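> Here is how the chains run, residue by residue.
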Amino acid sequence: MKLAALSEQFYSLVSPDIPNEWDVEEVMEPFIETNDKVCEVILEHIPVIWPVSHSLCYDFLRQAPEALKHLSLEQLPHWVGVALDIYENDGLRTAQRFMQDGVENHLSRLKGSGGLALASVEKRLLPYIRGIARDELQIVPARETYTDTSTLYAPEEINLFHNNEQNFLLYKLIFTYQWGYIACGSFLARAPEGFPLFSNREDSLWLRAFLDSFTNPPLARDIYHLLESIRVKIFLHKELPGLMRAVSKLPFPLDLPLPMKNKANLFFASIQQGLTGDKTDLYTLLQPHLTPSECQRFLHGEATPQDSARLVPRLYSTLHNKDQDYIPFPPLPFQGRLKLRSVETARKVQKEKMGEQFVDLMAAHFLTLSQEKLKNILKDEERDSGGSGLAESDVSMIMDSEFAQTADQDKAAPLLVTINNEELEFPPELESFTRKFLDEFGQLPTRFITSAAGKAGEGMLRGDVGGQEEGEQQSTGTVVYDEWDYRRQGYRKNWCSLQLKELPQVHSPFIRNTLDKYHGLTLRLRHQFEMMRSQERFVKRQREGDDIDFDALVESLSDTQAGLPSSDRLFIRLKQDERDIAVLFLVDMSNSTSGWVNTALKESLVLMSEAMEVLGDRYGIYGFSGMRRSRCELFHVKHLTESYGERVKERISSIGPSEYTRMGPPIRHATRLLQEVDAKVRLIITLTDGKPEDYDDYKGDYAIEDTRHALLEAKVAGIHPFCITIDHQAHDYMEHMYGPANYIFVDNVRKLPLRMPEIYRTLTS
Amino acid sequence: MKTVEQRLEEHLITAEPYYLVSGTEIEIALSAYKNGLPLLLKGPTGCGKTRFMQYLAWKLQRPLITVSCHDDLSTSDLVGRYLIRSGEAVWIDGPLTLAVRAGAICYLDEIVEARKDTTVVIHPLADDRRELPVEKLGELLTAPPEFMISVSYNPGYQSVLKDLKPSTRQRFVAISFDYPLPDQEVEIVCQEGGVEKELAHSLVKLAGMTRSLKESGLAEGASTRLLIQAGKLTQDGIDIHTACRVAIIEPLSDDPELLAALQEMVSSIF
Ligand SMILES: Nc1ncnc2c1ncn2[C@@H]1O[C@H](COP(=O)(O)OP(=O)(O)OP(=O)(O)O)[C@@H](O)[C@H]1O
Ligand SMILES: [Mg+2]
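Read top to bottom, the protein sequences are chains A and B. FYI, the numbering for the first sequence is 1 to 765, going by this note's numbering. FYI, the numbering for the second sequence is 766 to 1035, going by this note's numbering.
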């Protein structure tokens, strides 16, 4: 490409900026010979880097040709990403240095794709770390290792060691170490005595303000982080000696990539050595920098985050060099980075989440109060009922003065809140939740209580008008269910609202026609099902059997003594009897079932019902459909205990295609229904025509994972889920979703009426 | 008609059983006993319910008659039945009747496992009537003040989901058991498993970790009992990693991923 063309492209990429012509030409010149494809890829990065830093962008262009001798085009974006991260964390100089020196180093990390992928160890390490932490932590791949206290971030792949066992161990160490910072309170250091408090806004960390107050915050931050790493190491040695023993054998490459001329680097390099070595090393290494008593505190695990904070100014003053830039020393892989902003954000999110839960619990508690008390609490809302919700000032609420501090103080003192002069005592669940909240965040913002009051007020209102709506829609209630979000391996609380509805009864010849059509099959089914009506049971007074019937024997003996002819029915026999099965059929009523599928579904239900009547198993039938999480629908056709009469038949006839297939809520509801049933075997049989899918983001993996989880919940509740899918071919996701042997697919819909009873028969005998 | 004398002494607990008190459970139980109220013990498996009953029986110096409930348990299994002895029909008291007659403590373990028609026989015994009708004998026994009935169940068992009927439930003084606090559990594991404090401490730590895996699919974590068993194995020279695997990890789950994660915990701790 001509230089003019290249420059022109550059200008258009950075517009409206108009950089100096010479600079542009200087950096673009080397690309004249480069082939267009490569140019294109390189230029693509300009709009990414330019807005972040112009100098870095020029540097990138200067270094790119050299870098591309080592990197493939595909690796380029990753390299740029790392450079940008470094820039954001440690400033321009370091990023430039990375671009100049780092290609080989960077490569050595990327190369040899024989590394270990996080994805392949996550299944094992997620429950591991959750157990260790006793907390629902998440694991997420990232370019850097760090934690925001609710998620642990680690590189997507590790190939520091040649051997994947060692790479695995490093992953394990990374997660454990990052949890260690959380467990040791590294992020929540409070101001040691005599230290400035800074303006401590709600949700902002003292530590961040403190470290930012130095002229060179990265240096202060790294000092603190290193001291905390020592504390974590000591803590882990005590807590998880097995791990630390194994880790001490890891051959960490302690190559020193950066020039060691400055004091700070020497300091970091030497202490890092101590972090990978054993305690005595650490002592010798710390000695030049700490007083003996400080060393003791750290090495005996008595130091607190405040101790580390207290040491920062002193170490900083010896390590800081005005005439020389501080070039951050790369942390050890398991140390990762200290990212206090992420911690602040995560804690805010966590606080809101717990706040919401609190509001739900509290609102529920409000609604259990007597009408009078509740009215009293909510009286302010009624006054200006025009507005929705309460303003904080609307409610005169006096928090028990100790309320905010009870966490540290007397755990046994009951929590008390006073709202509008009404004293409220917390029930145990609410109380323990509140304490958890106080432990975590120090105090409970009053806004949560006011919004709970608001919510309870709405609830009361809704309760009042509920009666008038009747008749318009045959809704028989709404139930709220959580939904599983596999991306965060946790539930979205109260995510779906499932409306329970009645199907209209329609008079139609459908049932009669079906029975005519399948006359022969029905008879055969009835016969087959009759044969299944059995389970093991002891029957008494038999002529022969497995055991003696003592009651009968006694009677017979007394009879003999009384001179009466005695009976010879003196045995107990194990007999097949009493099937104790309850089953719910969930029928997909999504739009895609229109046409033949719908007819086949209904016909199958008719035949099933006929057969089930002979068998005597309890069964229920529900249809499901809906749109979005706010309106999932479950249609009642037949309750478990309802008899198979005209009404049920008419409702079966009126099953028709409706909207979408959100499978989670109906399965969860069926699970709940069956949990209330006392039966030896409880089954949920889902009839559907394909993947779960809703109008909103309930699609693909998300939908499959939620369905799978709903089925798992059923299994945990001791219920067997089974799925019959009408599809042309079996798909991989089915086995994943239902588990092997828990589903069957029927490729010819016309065979369904025949197959379904067959399937049920094999399932339950 | 004859009735068979049954030996009660064997149900009497002579040596003080080791029981570490965790709260006010003893006071409550003693007061319930004094007032003739039945006890309901709930809690996860292996957390000391049975041991507590043994201790209580010892403290009260009453025989303890334990019945493990199952779904084939019939009323006659509890109340009694006729047997034939040398051509003669003799009546044998069931454990419940025996306990009533002798003023003993009758402990129905895992009561939810029994069918509901069986559990109703304890109804008249468990309210202020304190009576047991023995229909086949045509007798109505009134329990002496020394008699006590107590039942236990594990509300965490999701697979069973048979719940107690409210009419059964609402007759009892309920004491809720949970795993002991860490320090106490350490002491129990030392005592019962015969291990050093340090090892007990690590075992308890492991148990704590397994108990927080509900979301990951482990309905119930390792019980105190499992820790004790692991401790005992190590006393016989079995290496701690193996002991944990066979006595704690494997009994908890069959899921390979979960087992692997649990195994990682073990290798971290020990
Ligand atoms: N508080 C305690 N004091 C002494 N030993 C205890 C205590 N708690 C538990 N144990 C020990 O744990 C073991 C298991 O307890 P126990 O058999 O009483 O459990 P359980 O609650 O009856 O369990 P399950 O419901 O499975 O029958 C006991 O053998 C005992 O060694
Ligand atoms: Mg027991």
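Just so you know, these hints were derived from the structure itself, not from any lab. All figures in this text were calculated on a predicted structure; none of them were measured in a lab. All C-beta atoms, glycine included, are put in the ideal place defined by N, C-alpha and C. Some hints could be false.
Not the full set, but computed from the structure, chain A residues with beta-carbon under 8 Å of chain B [stated by the list, open to error]:
#, residue
1, LYS2
2, GLY242
3, LEU557
Result set (DSS-like, lysine-lysine): computed pairs, CA atoms no more than 27 Å apart in a straight line [as the list claims (entries may be wrong)]:
#, chain 1, residue 1, chain 2, residue 2
4, B, LYS970, B, LYS997
5, B, LYS997, A, LYS715
6, A, LYS436, B, LYS970
7, B, LYS807, A, LYS540
8, A, LYS493, A, LYS348
9, B, LYS799, A, LYS279
10, A, LYS540, A, LYS680
11, B, LYS962, B, LYS997
12, A, LYS715, B, LYS824
13, A, LYS540, A, LYS602
14, B, LYS799, A, LYS238
15, A, LYS680, B, LYS799
16, A, LYS279, B, LYS930
17, B, LYS901, A, LYS540
18, A, LYS517, A, LYS540
19, A, LYS436, B, LYS962
20, A, LYS455, A, LYS375
21, B, LYS881, A, LYS680
22, A, LYS249, B, LYS799
23, B, LYS997, A, LYS238
24, A, LYS279, A, LYS351
25, B, LYS824, B, LYS799
26, A, LYS123, B, LYS901
27, B, LYS997, A, LYS680
28, A, LYS517, A, LYS602
29, A, LYS493, A, LYS123
30, B, LYS970, A, LYS238
31, A, LYS715, A, LYS123
32, A, LYS373, A, LYS249
Some chain B residues close to chain A (C-beta under 8 Å, calculated; not the full set) [said to hold, decoys possible]:
#, residue
33, TRP823
34, ARG846
35, MET1030
> Determine for every hint whether it applies to the structure shown.
A quick look at each hint next to the structure:
1. Hint on LYS2 of chain A is violated. Least Cβ distance to chain B is approximately 58 Å, over the 8 Å limit.
2. The beta carbon of GLY242 of chain A is positioned within 8 Å of a beta carbon in chain B (closest approach about 5 Å), and the interface hint is therefore held.
3. Against a cut-off of 8 Å between C-beta atoms, the interface hint on LEU557 of chain A holds, since the closest Cβ of chain B lies about 6 Å away.
4. Distance hint between LYS970 of chain B and LYS997 of chain B is fulfilled; the C-alpha atoms sit about 17 Å from each other, no more than 27 Å.
5. Of the pairs offered as hints, the one joining LYS997 of chain B and LYS715 of chain A is violated, with about 34 Å between alpha carbons and a cut-off of 27 Å exceeded.
6. This hinted pair checks out: LYS436 of chain A and LYS970 of chain B have alpha carbons roughly 21 Å apart, not beyond 27 Å.
7. Taken as a hint, the LYS807 of chain B and LYS540 of chain A pair is broken in the structure, with Cα atoms around 36 Å apart against an allowance of 27 Å.
8. Only pairs whose Cα atoms come within 27 Å are accepted, and LYS493 of chain A paired with LYS348 of chain A is accepted, the gap being roughly 18 Å.
9. A hinted pair counts as satisfied when its Cα atoms are at most 27 Å apart, and LYS799 of chain B with LYS279 of chain A does not qualify at roughly 59 Å.
10. Annotation: proposed proximity of LYS540 of chain A to LYS680 of chain A holds, straight-line Cα distance about 22 Å (limit 27 Å).
11. The straight-line distance between the Cα atoms of LYS962 of chain B and LYS997 of chain B is roughly 14 Å, inside the 27 Å bound, and the hint therefore holds.
12. Taking the CA atoms of LYS715 of chain A and LYS824 of chain B, the gap is near 43 Å; set against the 27 Å cutoff, the hint is violated.
13. Our distance criterion of 27 Å between C-alpha atoms is broken by LYS540 of chain A and LYS602 of chain A, whose separation comes to about 43 Å.
14. Proximity of LYS799 of chain B to LYS238 of chain A is assessed by CA-CA distance (about 48 Å); at most 27 Å being required, the pair is judged violated.
15. Proximity of LYS680 of chain A to LYS799 of chain B is assessed by CA-CA distance (about 40 Å); at most 27 Å being required, the pair is judged violated.
16. A distance of roughly 60 Å separates the Cα atoms of LYS279 of chain A and LYS930 of chain B; the hinted pair therefore is violated under the 27 Å criterion.
17. Annotation: proposed proximity of LYS901 of chain B to LYS540 of chain A holds, straight-line Cα distance about 17 Å (limit 27 Å).
18. For the given pair, LYS517 of chain A sits about 44 Å from LYS540 of chain A by alpha-carbon distance, which is inconsistent with the 27 Å threshold.
19. Between LYS436 of chain A and LYS962 of chain B, the direct Cα distance comes to roughly 30 Å. Violation of the 27 Å bound is thereby established for this hinted pair.
20. Proximity of LYS455 of chain A to LYS375 of chain A is assessed by CA-CA distance (about 13 Å); at most 27 Å being required, the pair is judged to hold.
21. Our distance criterion of 27 Å between C-alpha atoms is met by LYS881 of chain B and LYS680 of chain A, whose separation comes to about 14 Å.
22. Restraint check for LYS249 of chain A and LYS799 of chain B: not satisfied, since their Cα atoms lie roughly 63 Å apart, outside the 27 Å limit.
23. Distance hint between LYS997 of chain B and LYS238 of chain A is fulfilled; the C-alpha atoms sit about 24 Å from each other, no more than 27 Å.
24. With a CA separation close to 38 Å, the supplied pair LYS279 of chain A and LYS351 of chain A exceeds the 27 Å bound.
25. About 13 Å separates the Cα atoms of LYS824 of chain B and LYS799 of chain B, which keeps this hinted pair within 27 Å; it holds.
26. The straight-line distance between the Cα atoms of LYS123 of chain A and LYS901 of chain B is roughly 60 Å, outside the 27 Å bound, and the hint therefore fails.
27. Restraint check for LYS997 of chain B and LYS680 of chain A: not satisfied, since their Cα atoms lie roughly 37 Å apart, outside the 27 Å limit.
28. Our distance criterion of 27 Å between C-alpha atoms is met by LYS517 of chain A and LYS602 of chain A, whose separation comes to about 13 Å.
29. This hinted pair checks out: LYS493 of chain A and LYS123 of chain A have alpha carbons roughly 23 Å apart, not beyond 27 Å.
30. Among the hinted pairs, LYS970 of chain B with LYS238 of chain A is consistent with the structure: their alpha-carbon atoms are about 12 Å apart, no more than 27 Å.
31. Only pairs whose Cα atoms come within 27 Å are accepted, and LYS715 of chain A paired with LYS123 of chain A is accepted, the gap being roughly 20 Å.
32. The suggested pairing of LYS373 of chain A with LYS249 of chain A is violated, with an alpha-carbon distance near 66 Å, which exceeds 27 Å.
33. At a threshold of 8 Å, the smallest CB-CB gap from TRP823 of chain B to chain A is about 31 Å, leaving the interface hint violated.
34. This hint holds: ARG846 of chain B has a C-beta 6 Å from the nearest C-beta of chain A, less than the 8 Å allowed.
35. Using the Cβ-Cβ criterion of 8 Å, the hint placing MET1030 of chain B at the interface with chain A is satisfied: the shortest such distance is roughly 5 Å.
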